[in-house]
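Line by line, the protein sequences give chains A, Z and D. Okay, so the first sequence: first residue is 1 according to the working numbering, each after it adds one. Okay, so the second sequence: first residue is 1 according to the working numbering, each after it adds one. Okay, so the third sequence: first residue is 1 according to the working numbering, each after it adds one.
It should be emphasised that the hints constitute simulated quantities derived from the structure, not laboratory data. Among these hints, one or two may not hold up.
So the derived list for chain D, only partly shown, Cβ under 7 Å to chain Z, looks like this [to be verified]:
(1) Gln50
(2) Val83
(3) Ile105
Yeah, the Cβ is synthetic: ideal placement off N, Cα and C, and Gly gets one too.
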Amino acid sequence: MDQAEFTVRTQGAGLYEVTSELRQWVRGQSTAQGLLTLFVRHTSCSLLIQENADPDVRTDLQGFLTRLVPRGDHPDMAWLTHVLEGPDDMPAHIRAALLPVSLSIPVAGHAPVLGTWQGIYLFEHRDAPHTRRIAAHLA
Amino acid sequence: MDQAEFTVRTQGAGLYEVTSELRQWVRGQSTAQGLLTLFVRHTSCSLLIQENADPDVRTDLQGFLTRLVPRGDHPDMAWLTHVLEGPDDMPAHIRAALLPVSLSIPVAGHAPVLGTWQGIYLFEHRDAPHTRRIAAHLA
Amino acid sequence: MDQAEFTVRTQGAGLYEVTSELRQWVRGQSTAQGLLTLFVRHTSCSLLIQENADPDVRTDLQGFLTRLVPRGDHPDMAWLTHVLEGPDDMPAHIRAALLPVSLSIPVAGHAPVLGTWQGIYLFEHRDAPHTRRIAAHLA
């Protein structure tokens, strides 16, 4: 069994790919066949597996989330009560509730069995720069 | 490997924290380093990791879900077909589809590696009191 | 530890049950007590645990998702940029982001500890027929 922590420095809302860093770590461990679990240790960002080919897909994902859960200063969100930490904070918590906090991916031949088009992303929901930590477990 | 089942008695829709009960169980098992997996055995409630500091965050999360998936007697939901079990039933299934049924959290030093602000919740989506069961696995 | 891959042939958007196939596989493995993890190797379909009794529940789930994330040729989605692969493609990626890509279910007595009403589904989001692969891990 192996455990590690990965750090992602974010510069505003959006998707930050971590696939190659995770692949490299898995390749270096003694567990050739097993299960990789990722867990993000925050409540205002998410993990997400999504298409890694056309960047427009990530743009549109971000566009959808922004429409589904608008910022706190949008008229549609005037009912929010948790507003002291800024107009991006409570929407970030809501988006974090709707997207994964943990992911589990089988590993075979020292590699996660991702499909051809699957990339692993840290999805930041806050505006300000953050240092995000992802706990990884392989067994 | 250890397995257990936790019971949560709910009194209407909302978030019920189970963090301390789970922490205590993990602390008492022989597995010091491993992976904790939680699985809720129902289709009208969810598991959720969310902010455990300001209770307004939970109020707003509940407020958002109520707006995203209104009750069956709301005009916007007149298209629903599964209505025999009450106006809160089909919306509960939809909310359960959008939020996690399982969570996996690495464990180190006999404790889940939760971030500072992360709490683990049973999110009840039904109105009537229910006894909810969460299966836990640690290995 | 056991690993396998399951194939689901889909004929358009909707829920395809895989519970009995997975139960049968788990029953045939040497691991009597453990953890079953499922991972879908695509970015335009999902895994979902939902009610297996009244088929109207699945109809309404599909109805809700269609309203929440309309097709690309719907006026509400005119802002999409990733449109070259057809009006069902980008909405499929968005729906896949909102629903699970992986599920973890404890196993006891050679069976996943599903609740009485829980079934496991492959949720297809594309119109055209697809062959979908689910990686399974039991340990």
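- Item | When the least beta-carbon distance from Ile105 of chain D to chain Z is tested against 7 Å, hint result | holds (5 Å)
- Message: Take the shortest C-beta to C-beta distance between Gln50 of chain D and chain Z; is it under 7 Å?
- Response: holds (6 Å)
- Message: Would the hint on Val83 of chain D be counted as holding, given a Cβ-Cβ threshold of 7 Å to chain Z?
- Response: Violated, about 25 Å.
The structure does not agree with numbered hint 2 stated previously, though it agrees with all others.
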